[in-house]
Structure formats: C-alpha cells, structure tokens
Amino acid sequence: MADVSKFESPVVASYPPSSGGDPTLADVSATTKWLVRADADGPTADQLGAAFGRSQVAAGGALVLGSRPGEWIVLGASVQVSMAVAGLEQPEGLDSSDFVSALDWTHGRALFRVTGHGAARMLEKVCSLDWSDPMTPDGAVVSASVAKVTCDIARNDADGAPSYLIFCDRSFGQYLFDALIDAGDEFGISVVTSTA
Amino acid sequence: MTMSRLGIQSTEVIDRATKLRFKWNGKRFSGFEGDTIASALAASGEHIFSRSMKYHRPRGILTADYWDPNLLVQVGDDPNVRAGHRLLESSMDVRSQNAWPSLHRDLKAANSLLGRFLTAGFYYKTFMRPQWLWPTYERVLATFAPGGKIDIDTPHRYHDKRYSHPDVVVAGAGPAGIEAALAASATGAQVLLVEHQHAVGGHLRFSSGDADQAALTQLQATLAASDVEVLTDSTVTGRYEDNWLGIVQRNHPIAVERLIKARAKVLVVAPGLIERPYVFEGNDRPGVITSGAARRLINLWGVKPGERAVVFSANADGDAAAADLDRAGVEIAEIVDARERRRISSTTGSSRAVDAVVVDAGLASNQRIDADLLVVAAGWTAPTSLLNMAGDRPVYDATAARFFPSDPPANVLATGGIVGDGSLDQLRSHGAATGRLAAARAAAVRHRLQAHTARALAVDGTEPAWAPDERSPLGRDAHPELYRSDTHGMVDYSEDVSSKDLVAASKEGYDSVELAKRFTTATMGPSQGKLETVNTVAAIAEARGETIAEVGTTVWRPPYAPLTLGALAGRVFEPVRVSSIHPWHEAKGVTTIQAGQWIRPDHYGDPAAEVRNVRENVGLIDVTPLGKLDLRGPDVSKLLNLLYVNKWSKLAVGKVRYGMMCAEDGVVLDDGVTGRLGEDHYMMSTTSSGAGGVWEWVENWLQTERPDWRVHVTPVTTAYASINIAGPKSRELVSRVTSGVDLDPDAFRYMEVRGATVAGVSGCFMWRIGFTGELSFELHVPAGHGLAVWEALMDAGSDLGVGPFGLEGQRIMRLEKGHFIVGQDTDGLTLAPSTGMGGLIKLDKDDFAGKPELVWAADRRLPQIVAIQPDNPNIVPDEACQIVRGDSNEILGRITSARFSPTLGRSICLGQVEPELATGGTKLTVLLTSGERISATVIDHHAHFDPAGERLRG
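Here the protein sequences line up with chains A and B, keeping their order. For the first sequence, the residue numbers in this note's numbering are -2 to 193. For the second sequence, the residue numbers in this note's numbering are 492 to 1445.
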C-alpha cells in the first residue's frame, strides 16, 4: 500500500522566485476549508457568528466567512476548522428545526491570497466590484466573477496591508492563478509562499 | 500655403533635443518628441494630408487636433489614425489613405468631375436596379471605400480592461474641469479626471497669454499634488444607465488601449467647446483652418501655418489667433471682423491651396485678398454628447449662437464653456462649485450604497439629503450666428456632404433632422458630428425656413469618440478547467479535446489500441468532469422523485440507480446515476456538460417550488478526481490498492457504492458502474490526492497491462455497448420514451418534472433511438447523416453517433428513426455527405456488443 500522498495544489506551474513585490500572490489551496449550510437565522448562524457578507474569527482561530445567506465557509488550520465545525451537525444543544450540513471543501476549492497596497488596483482588472475601503472593508465577504470565474472573495488584511482571499472551483485554479499574475504584472506582482 | 518650423515658443510642448525620424508615404521626414504626426509633417512643409471620401479633394489641416477630419492616416498596419492627435514616434511608417496611386496624383479625384451627380442619396437611388447587377456594383464600390487597410495577419495586440467606482468622474480637464476635480477631491471624494488631449489644461495650453499660462502652471501643480486620479489621452466614450461610463485610455504603458468601465456616483461633464467651421465656397481647400488650429500649431508645436493670412473673427479666440499669427511672423493681410457684419464669401486657388480670400462686401463688389491662409473663428459647438446620453435635450440660444444643456439628471452636472461664458476666474469658480456639489451628491449616493450592501462598512444616520444646486450660473456672451455664407460649401468634411446636399435633401422631403442625417450621412463620419452638427442643423433650418431651435439637434449616442473593437473586447478571458490528473496526461503527450471549458484527454496516440486494452486487460480514464452533486438532508428522496422520471423512495444505502431527468416539456435534460452514501446523504452524478445546468435546475426546484424541503445541494464535481477503472482485470487492479472494501462480486455488486481507502487516501468512494460495458469501478478520490492515486493505479497494474484511455476510446466503447449520450443522440425535441428506456418512466408517481407531457406522449408513436449497422462494415457514416426513404429525399431519421468498432471489426451507429423503422431487422437508407446512399440495418438491441451485459456484471 502506498503512503498517503501530500495534497497536490491545482497550481502546478512553476514561477520564478520573487520577493518584495506589491502585491504578492500566494497559493494557499491546501488550507482546510469547510462549507456549512444552515438556517440563516437559526442557532447555527448564531454559533458561527459571521453575518452574510462579513467574516469573523472563531474561538479556535478559524476564519468564518458568511458567504451567502445560510452558508458559511470555515477555513484555517485543520485543527482550527475542526473546532469550529465540531458538533454543528449534531442536534444536541441546537434547535431541532435547524437543518445543518457541513462538508469538507478543501479539495474542491482553490484558494489564493493577494496582499498589498496595490491589490485592489489589481483586482479592478479582473473583477467589477468596488474594492474601496467603505464598500469592501477588512472583513468583507463577497461572491463575484474574477476573470470570468465564479469566486468567493474575503478581505482579510494582513500586517496592515489589504489582503484578499480568493476561492474558486479547483479545476479553474491554474487558469485563475495565471490570470491574477497577468493582472498584477503592471504593478510588479510577485509570487510568494504563504500560509492562509 | 507654406508651413515651417518657428523658433522656440515659450508654450511649446516639443522637445527639440529629441529628434524623431519617420516615413511619410515612403519618404524620410523628421520631427521632435512631443510633435503630433500632423505637426511634424506641417513643420516640414507638407500641407496635403488626405483625400476626401467621395470627391477625393485634397485636404489639409483644419483643426489640428483629434477631431480634424482631414488628418486620418495609416500608421504601419493601423488604419484611420488621427494624425492631429497621435504623437510622433521614432521609425513610424505613416501613409496617406484613400488615394490611388498616390496622395498628390489621385486618379479617383475624377469623381469630383461627376460631383453634381454624386449628390446625397446617389448610391441609394442608383444601385438599386437592376437587382441582378448588385454583386458587380458591390465589387466596384468596394474599391472606392474610404479608410485605411487592415492586414488580417496583424498579431492581436494587448488591450486591457479595468473597473472603477469613483465618487466623481470629471470628463474634461480644462480649467473648470480641473477645479471641479480638485474641489471634489478636497472633500475626501475619490475623483477620476479624464482628459481627451495629451495633457490637462484645455484651451489654456495653446494660449500665449501670460495670465493663462500662469493659471495653467498653477492648476497643473495643484492637480499633481492632489489625490485626483488623472487620465490623459483618454475619453469618456459613453454614459449609460446609472452613470455607468465607458472610458478609453489610449496611452497606457502596458496596452495599446485600456477600457475602463466606471460606475460614477456623479458625472461632471466639462468638455469645453469645439470650434466649428464656417460654410462657404472653398472652405475645404488646404489653407483654410480654424483659429484653434492656428494657435495650436504656433503655440504647442512651433509651426508657422502660412505666410500671409486673412483672419475671419467673430470672437476673442479669433482675435487671439490674429495676435499669435502676427507674433509668429505671419503677415496679416486682413482681419475680417464678423462682429461688424463682415463675411467671407469664398476662397480661390487651386484644389491644393488657397491663393486668395474673397470677402463679401455687401452691395459693393466682393473684395479679393491674396493670402495662402484663412483662419476662421466662427463660433462653437457645445459637445453635449454625454449629457444627451443622460437624457438631456440641449436647447439653442440664438443670442449666444450655440446649444446649451437643459435639464440633465441630478447625478450629472456640467461646468465650463459648455454651460456658459465668463472670465477664466469665473469659469474656475463655477468649476469648483460644481465639484463641491458633485462631491456632496456623491456622498449621498455612497451612503445609500453602503446602507444597502451587506459587506460594506455600516453607516450611521439617515441618507444625506440631495444637495441643492446653488451655483451661480455663468453668463452667455452674445455671438454672431455664423453658419453659412452667401455661397455653398462643405458641411461634413468626413463624409463630403455640402450645404447643397442638405438643401436637396430637404427638398426631397427629409424634413426631420434625424432623417436628413441618415439620408445624407452628415455627422456620421469619424468626427461624429463634433464639427458638423450645428452647421447641418443650420443648413436644414435655412432650407426649411425655420429657426435652428425649431429644427433641434440630432441625438448624440455613444461612443463620444470612435474606439477600436479591441478596446471594447478588452482583455480576453477564456477560463479553462483541468483535472488534478492533467499534469500526468500532459507528460504522456496526450492529445486533448476541449469539451466546454474542460481540457480533456482525447487519446494517447491510438484510440483503437486503447479500446482493445480495456476489452482485454484494464484501462484508466480520467472522468473528473462528470458532474457530482452532494445531496444531504431528510428530503433528498423526495427531490429525486421530483427530478427523475423513475422512482427513488426505496434506494437502499450502498445502492446506485440510473436516472433520467426531463425538462417540464418531457424532453430529456440529463442522465446519470445517483448513489446513496448514507441515510440522508446521496451523491448525484450528471453528464459532464450538464453539470452546471443540472445544479441550477435542482436549486431552482428547491428554492422556488419546494423551499420547505430540507435538502442541501453542493456541487463537488472537482472536489473529487474521478477515475474509471475498466476491463476484465479491473477488480484485480482495484484490489491491489484498496482497503476497507470487500470487492467480491457478491459483496460489491454492479450498481452499488462503497466508501474506501485507496492508495492510502481515505475519504474515497467508488461505485460499480461504467460506460464502456466492461467490469468497471468508478473511483472518486479527494482531488488533492487524485494524481497520486492515478499514479499508484498505474504502478500497481503494470503487470496487468494497465493503460490510459481517452474520451475517444470511451466513446467507441459506449457506442459498442449502445449507451446514448444526452445532447448527441438526443436533441431538443427528444422525449424520454424515444430513448428506448420508456420502462424507466413511472407515470404512477404523484408528480415529477415533465410528467404531464410524458402522460400525453405515452399514447403516441415517437421517433426512436436505435442501433444501426451499415451493411458495408467498412463504411462509417458521418454523424448527422440523414436516413431517407429509398431514392427519395424524404427524411426518416439521422445517424447520431458512428464509429468503427475495433472490437467488432465493423462500423456501428446509433440513430434516431421514425417509429415504424425502429424494429430490429428493418432496412434503412443512409444518405452520406458525399451524396452516396448506403443500406443499413436496425439491430434488436442498442448494444452492438455484449447485449446481455455479462461483462459489466462480472
């Protein structure tokens, strides 16, 4: 029997190492991601805490994104996500009318992080949303077409710089990664290694 | 007309230290950095730049800017370049357009001899009859088509696109526009200032007045220090619903053009005014230029536009031009002051240059003044295009002799010359007030947007009231109404439409300005009416004996300035999808096929060999694109009963069932299998191409028809890498890499599903199904481990003869087995009973999608999908060949799939036929694409191979 393989990212092309660019682009597809569905106004929604369009850090450190009414993406290290979703599907302690499902989405979604003061200008080239601070502040969560691919996007600033997590269907991962590099080329984008 | 380079001008924008060499019609020329193509040529003494569209009259500089209709040239393989605007570059290859064999000896100028026959409507009237001659007419007329040449081999250039959501967009960076931008920005608003020309400043740039230059310097410095985003050489091309603006940026360093789609909260329109020509005999003769052209040539590029000039002036700009000409050493032969009711009547000279100007002296004899230059300052066109696009209808003011905005919507404001006259300070002050008003209104819009957008920062309080317009209006200076002299001349230089043409159109009954425009094509050329509209309206008004106000204007629609198709297309996004196993396929030199957005393996060199290997040994195919929907909840079986034609209530955990899905009209929508993984957990598979549509279909039923059902649907197509392991040795191969599953045929039967750990990867599931007709295991692996599992299978099966097979091999095998493909063997009219699987349809169910139509269809004889064998086993009909009755062309069906079967050594087909032909043994006639007819036979089963299904159940 073969050993358990390591997670293969959808981004398989290699990119020249770079540093110091702004914005930076990182492939963080290996991050554990779960999709939780429940009543938008039920007890699970209260427990997860993140309202639609907003994100919140859960007690264990997982990031909970209110991606749609009644739908949340929970991401972080495996242990963090496990803590956040533990017991959600069990009726104990929850209103029995709250129909909940939780699904490991790690393998289904590519995840990239774009960071830097030029990140919003770069996103303007591939997405029609308003990335200004009032309309898309830190903590904002939105679904939109990015380079013609349906994506979930969460603003999750890092080290004082605007930063955006971009999720898409895994099969589009390589295409979208390349499209983001192309969009960021004029701003001096660099590809970096990073955790989510 | 003799033009030459002047000494250094304090206002010039050229860098005389940087000389640029270029070619003009094959000859070598030079200019300076900062020159336009036209200014460089003019400085070198060139005065003919093009030939007119219809009559091929020589044309020289008219306005010396973007709108100049006479300065369209070809640069390299780029046609219709505006030489009055495009900056000179080193090694440019510039050529004239619309002249043959050369610009100076254009034989097509013979058209001018036929001028009186080539009036408006000539083409429409002349080439209608006889109809059969039209192809000939078309070929001849095509040789006279104006414009440059397009080389279809020109590589596609990079065009860019960007979105923007500024609070305020200011269109026009003259003094009022700049002040508006600065004032709005000072309040904290995000401002985008868009300037059509290469630099901000508007008319101040080519003014030689000290005060104007000082103001320009101050405005530029303030702007540079502000937060205003400035786009020069850029145009707001259109205003659409809710201030959705198209902006073309022409000078971006990374792209030939960039289209910016901006959603402005408030649009400020500040385009200034465009100087309009005056209509008189000989007004298109080289040497007749506008006052703006004279001032631009002298002050921006240091070009002396002539030697001896007559200045026809109706305003201060004409006077300023006269002063600039005098300063530049041009002899002023006469200033004909229109304010004193003096008028130009005509020019004389050759077709190539003015030699004299004839001044209308009223009752006395006309005065002839020798000159090589006539500078005309006859008034202004207010470019109200963007206001038109916002719904405003400009009104004519006879006193000021131009149109003004009337009542634009509240989120569109106007400032600068377009709304009135005044001193520079007054214009700046109005601009600043407009900027503050725009920012205040934008704040209200922003408040509303934030309040209604879930992700936005929360806002406190109620929405601010819409700021009232308390600006002090600008005045309107009196100006002579100067449109046409006592002679006729050119109105539309781009289209060669004269005032005579417009009079004739009016006489022919085109009494609407919109109709006259279309009949004559006036205002429809590259200048898009910027120079011509008011003169066109005036000519029609005069012909009809009405006022300009009564005639009104045409409606300006987008684009404000012509733009390329490349700019509209922007960046090309063509998303493609690949599976996690794709790198392996590429490494093996796979031939791919694009199926929708998916890049899929078609074959690895020899599809027939791949088929034989599956039939004899074992093969792997990457079927990741198969749609997969994760269904969870206590009401899933209700949902399945609603969506599929068959029954689902008794599907046990661990079982898989085939289902056919119909639209509400009973037409086959999709098919696939669904397995029950747990008590309330199912996995639905769909066709690859139907994955997205089925998901929408399922969600539509759940959200709109059955919102009370407790079902969660999640597309997980690419969460799993899907591998079908097919062939008689597949069980042996699977057993080598799988744990946790009893693979015994009695323990894991056909149409069952099991969870498994494969090659050490947990969280996999596999079902005993396949499309090839062989013993098959369809394995679904968490995608991040898909490649590793594929490689493990390949390693583990090397002694079993394992090999990959692609879509082509699979298609052959499914045809051998007689499996139809939705969308290939069915079409938009194929009802479920036509598939040969009528037994699947359970009309005794309470309800399901398509049931009413299928109840109706139950009593009818419908076309049927059948398996067909050509009697000549070596002939493979093309798919979609018609099945006809004997020697007639009566269509009785068609071939839907056809291949040569390596397993059977003969051609095999599926087809749709009329019901009376669907019985086994029926002889058919197939009409090949070559026209040959062949005979074929319907066989008893869909399956050409293993109709009893012994192999797949093995």
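No lab work stands behind these hints: they were computed from the structure. It is possible that part of the hints are untrue.
Covered stretches of chain A (chain B as the covering partner; in silico rule of three or more C-beta atoms under 8 angstroms from a C-beta of chain B) [stated by the list, open to error]:
{"id": "1", "segment": "69 to 76"}
{"id": "2", "segment": "100 to 106"}
{"id": "3", "segment": "109 to 117"}
{"id": "4", "segment": "130 to 136"}
{"id": "5", "segment": "141 to 147"}
{"id": "6", "segment": "164 to 176"}
Here are the computed lysine to aspartate or glutamate pairs in the EDC-like style, where the Cα-Cα straight-line distance is at most 16 angstroms [to be verified]:
{"id": "7", "chain 1": "A", "residue 1": "K3", "chain 2": "B", "residue 2": "E1282"}
{"id": "8", "chain 1": "B", "residue 1": "K1342", "chain 2": "B", "residue 2": "D1362"}
{"id": "9", "chain 1": "B", "residue 1": "K1129", "chain 2": "B", "residue 2": "D1335"}
{"id": "10", "chain 1": "B", "residue 1": "K752", "chain 2": "A", "residue 2": "D36"}
{"id": "11", "chain 1": "A", "residue 1": "K145", "chain 2": "A", "residue 2": "E121"}
{"id": "12", "chain 1": "B", "residue 1": "K1414", "chain 2": "B", "residue 2": "E1441"}
{"id": "13", "chain 1": "A", "residue 1": "K145", "chain 2": "B", "residue 2": "D651"}
{"id": "14", "chain 1": "B", "residue 1": "K998", "chain 2": "B", "residue 2": "E1037"}
{"id": "15", "chain 1": "B", "residue 1": "K1138", "chain 2": "B", "residue 2": "D1335"}
{"id": "16", "chain 1": "B", "residue 1": "K1141", "chain 2": "B", "residue 2": "D1171"}
{"id": "17", "chain 1": "A", "residue 1": "K145", "chain 2": "B", "residue 2": "E1065"}
{"id": "18", "chain 1": "B", "residue 1": "K1141", "chain 2": "B", "residue 2": "D1097"}
Where is the CB? At the ideal position from N, CA and C, for every residue including glycine.
Hint by hint, here is what the structure shows:
1. 69 to 76: n = 0 at 8 angstroms, threshold three: violated.
2. 100 to 106: holds (count 7)
3. 109 to 117: violated (count 0)
4. 130 to 136: holds (count 5)
5. 141 to 147: Since three or more residues must qualify, the claim that chain B covers the segment 141 to 147 of chain A holds, with 3 doing so at under 8 angstroms.
6. 164 to 176: This one holds; 8 residues, not fewer than the three required, reach chain B with a Cβ under 8 angstroms.
7. K3/A x E1282/B: holds (13 angstroms)
8. K1342/B x D1362/B: It is violated: about 39 angstroms lies between the C-alpha atoms, which goes past 16 angstroms.
9. K1129/B x D1335/B: holds (15 angstroms)
10. K752/B x D36/A: Since the Cα atoms of K752/B and D36/A sit roughly 37 angstroms apart, the hinted pair is violated (cutoff 16 angstroms).
11. K145/A x E121/A: Distance of about 13 angstroms is within 16 angstroms: holds.
12. K1414/B x E1441/B: violated (29 angstroms)
13. K145/A x D651/B: holds (15 angstroms)
14. K998/B x E1037/B: With a Cα-Cα distance of about 14 angstroms, the restraint between K998/B and E1037/B holds, given a limit of 16 angstroms.
15. K1138/B x D1335/B: holds (10 angstroms)
16. K1141/B x D1171/B: holds (13 angstroms)
17. K145/A x E1065/B: Holds - the C-alpha atoms of E1065/B and K145/A are around 8 angstroms apart, at most 16 angstroms.
18. K1141/B x D1097/B: violated (44 angstroms)
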